[in-house]
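Undergrad: Protein sequence lines, in the order shown, are assigned to chains A and B. According to our numbering, the first sequence is numbered sequentially starting from 1. According to our numbering, the second sequence is numbered sequentially starting from 1.
There's no promise every hint is true.
Covered stretches of chain A (chain B as the covering partner; in silico rule of three or more C-beta atoms under 8 Å from a C-beta of chain B) [claimed, not checked]: (1) 113-122; (2) 144-157; (3) 187-200.
To be clear, the hints were calculated from the coordinates, so they are not data collected in a lab. Think of the CB as a built atom: it goes at the ideal place given N, C-alpha and C, for glycine as much as any other residue.
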Amino acid sequence: MTKLKTTLFGSLALAAVAALASGSATLADHHGAPATAKVGEAAPDFTLTCTDGKAHTLSDYTKDGKIVVLEWFNVGCPFVVKHHERHRTMSTLAKDFKDKDVVWLAVVSSAPGTQGHGLELNREYKKKWEIAYPILIDEPGKVGRAYEARTTPHMYIIDKTGTLVYAGAIDNNRSATELGDVNYVRQALKQVVAGETVTESMTRPYGCSVKYAD
Amino acid sequence: MYLSIIAALLSGIAPAGALAQSLFEPRGPGVGRDADPVRARLVAADTALTPGEKTLIGLHFEIEPDWYLYWKNPGDAGMPIGFAFEAPDGVRIGDVRWPAPQRHALPGGILDYVHRDAVTLVFPVHVGADVPVGEPVTISARLTWLMCKDEICVPGNANVRIEIPVAAESTETPDAARIARSLLRVPTPASESEFDWAWRERTLTLRVPGADALVFYPGPSERVQPRDMLRAGAVDGDALRISYDTSVDEAEEISAVVEVRREGAPPRFIEIVIPGPDAG
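Extracted from the complex, chain A is given alone in its bound form:
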């Protein structure tokens, strides 16, 4: 592109940005929208019940000095199968960090009639895949939407202060079978546990779409 073109077009772009800015002001004035998760900000609090019937509240864990990992989960999704059946990515990581004040929680936001939904199904796979951590049921998808969880898996880390410090993929291989050579969650957890800043705090998640209700 020539410099001239860019400059000429600059005024158009300015007008466009001005229009956008006024648009976002309207959005900011709009009340009642639920808080959404943003890396570097307070993670939306929630209470969900796991497959054993026990309630889990995020802020109870963080008040107790725990670091919390959230793993969006759907037993039928090939990418979840990859990290639970073909490989033991999730359970291994959860175990490796269990003694370092890290609590791991799977969350199922599948709506009724969609893949991965159902208490019995999730109990069955918790046993089958020997998952030692709780699987939380988010049938209405409220928590999933608050975190803007898009894929299974989609990973989040919340530090002891309740701040969201990581959101994104489990690793850097987007295939349905092979593992990546960088596990972003392991990398971030090491840093959080050591009290360091997470260097790669946002990555692009991959997997099946979360099966929300309309």
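Please build the complex by placing chain B on the supplied structure of chain A, with the hints as guidance.
TA: Same frame as chain A, now just chain B:
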């Protein structure tokens, strides 16, 4: 399972659902009712390969209603169709010409880029001058994909192959029209006069003079993806405003396919590559 793979090899048509189920045991509602939601085969534009010339082949997928496959950038979720070709010495398969997808919005603010009903990925085939006439050539491909409908995702894979004679002359096959139709949705590089662009901080404004509506399909970069594409990615008028987060600061360039709609004309698909906001 082996039987079905062999059958697929022999027929060139893969029973996708059967293979997928034996490999991954997909579970959940819907699986049993939709045995083979996707079928794949290789098609050729010409009846024969001609030594020293170029022809086209297509990787053709038939997709049952409600199901979809994913573009090279699947969007917020999903996995692109994967392929690995094998061809004998002297026959070279060129880079994919991938038709533009459709936007597909899902509950929860998820936006995917998908192919529905049918899609043909087109590949040039370069035939060496010394490939002997008379001996047919077999081209094969190993395929992997994720097929979804809104309630469920299932992996698929298949081996497909096609045998093509080698001859001094050839004519078009019945599949040539299918390949030609697919090429209408394959983007061509945009000429400089066709569009204007400008960065303002991390927002890219892109204008295509004369367009009545525009759709932006971001390239498949793992690191740099635009925000809020549900709202900003498809607009009436001749200008798109695409915003990025801080990841764009490192970007050398931004690539995308833009669908240009004009009243009374078929859509055009252009490929754009623009320097990042801080590049150069």
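Undergrad: Run through the hints listed earlier and report the numbers of any the structure violates, in increasing order.
TA: 3
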